[in-house]
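With these hints in hand, go ahead and build the complete structure from the sequences.
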Amino acid sequence: MQHLLFFCGETAYAINCHFVKEVLPFVLLTEIANSPHFVKGVMNYHGDPVFVIDFSILTLNRPSELLLSSRIALISQEKEELSFGIFGEKMTEIIDIPEFEIKIDENCESAFIESMALTSGKKVQIINIKKLSTLLTLNLT
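Residue numbers (UniProt numbering): 1 to 141.
Warning: the hint list may mix true and false statements.
In silico lysine-lysine, DSS-like type, Cα no more than 30 Å apart, as pairs [what the hints assert, rightly or not]:
1. 122 <-> 21
2. 123 <-> 90
3. 131 <-> 21
4. 90 <-> 130
5. 21 <-> 123
6. 90 <-> 103
7. 103 <-> 122
8. 90 <-> 122
9. 21 <-> 130
10. 123 <-> 103
Here are the simulated distance ranges between beta carbons [stated by the list, open to error]:
11. 99 <-> 63: 10 to 20 Å
12. 34 <-> 92: 31 to 41 Å
13. 46 <-> 123: 32 to 42 Å
Just so you know, the hints here were simulated from the structure itself, not pulled from any lab data. Remember, predicted model here, so these are calculated numbers, not experimental data. All C-beta atoms in this analysis are idealised placements derived from N, C-alpha and C, irrespective of residue type, glycine included.
Right under this line is the structure:
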């Protein structure tokens, strides 16, 4: 399975490429008054507003660094109307994670981590897009 790799600080995260519609360079975002702390803002994507989550705020309680390698992954789900962006650092690589390396972490207390994998000697946390979408939806209504 192919996954988009990115980082928050030194911690590696991955998004299943099935959910990634496009990877965009950082664009100017419009801040939203009274939005949840982890919503960096909203961007215009071909005329449609798209909320962008700063993943470092969710995980490290600090904004992502604006690096040349910082990107926005546009997330799209089947049969779901809510598309959103995930802003992360060092978002430049697609990795292949064999299914046998992916381990469901039942002890994980995170609201949005689905599983873990050990690839190339590095621990990667795989994001549960449906849970992250639910978190965003609940906090925007």
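Here's how the hints hold up against the structure:
Annotation: proposed proximity of residue 122 to residue 21 holds, straight-line Cα distance about 26 Å (limit 30 Å). With a C-alpha separation of about 16 Å, the suggested pair residue 123 and residue 90 falls inside the 30 Å cut-off, and the hint holds. Using a Cα cut-off of 30 Å, the hinted pair residue 131 and residue 21 holds, with the two alpha carbons roughly 18 Å apart. The suggested pairing of residue 90 with residue 130 holds, with an alpha-carbon distance near 23 Å, which does not exceed 30 Å.
Restraint check for residue 21 and residue 123: satisfied, since their Cα atoms lie roughly 25 Å apart, inside the 30 Å limit. Proposed proximity of residue 90 and residue 103 is supported: the alpha carbons are some 24 Å apart, at most 30 Å. The hinted pair formed by residue 103 and residue 122 meets the criterion: a straight-line CA distance of about 14 Å does not exceed 30 Å. For the proposed pair residue 90 and residue 122, the alpha carbon gap of about 15 Å is at most 30 Å, so the pair holds.
For the proposed pair residue 21 and residue 130, the alpha carbon gap of about 15 Å is at most 30 Å, so the pair holds. Simply put, residue 123 and residue 103 have alpha-carbon atoms about 11 Å apart, close enough for the 30 Å limit, and the pair holds. Checked against the given bound of 10 to 20 Å, the beta carbons of residue 99 and residue 63, roughly 34 Å apart, lie outside it. Look at residue 34 against residue 92: about 33 Å separates their beta carbons, and that is inside 31 to 41 Å.
For residue 46 and residue 123, the Cβ-Cβ distance of about 36 Å falls inside the hinted range of 32 to 42 Å, so the restraint holds.
Consistency with the previously given hints fails for number 11 only.
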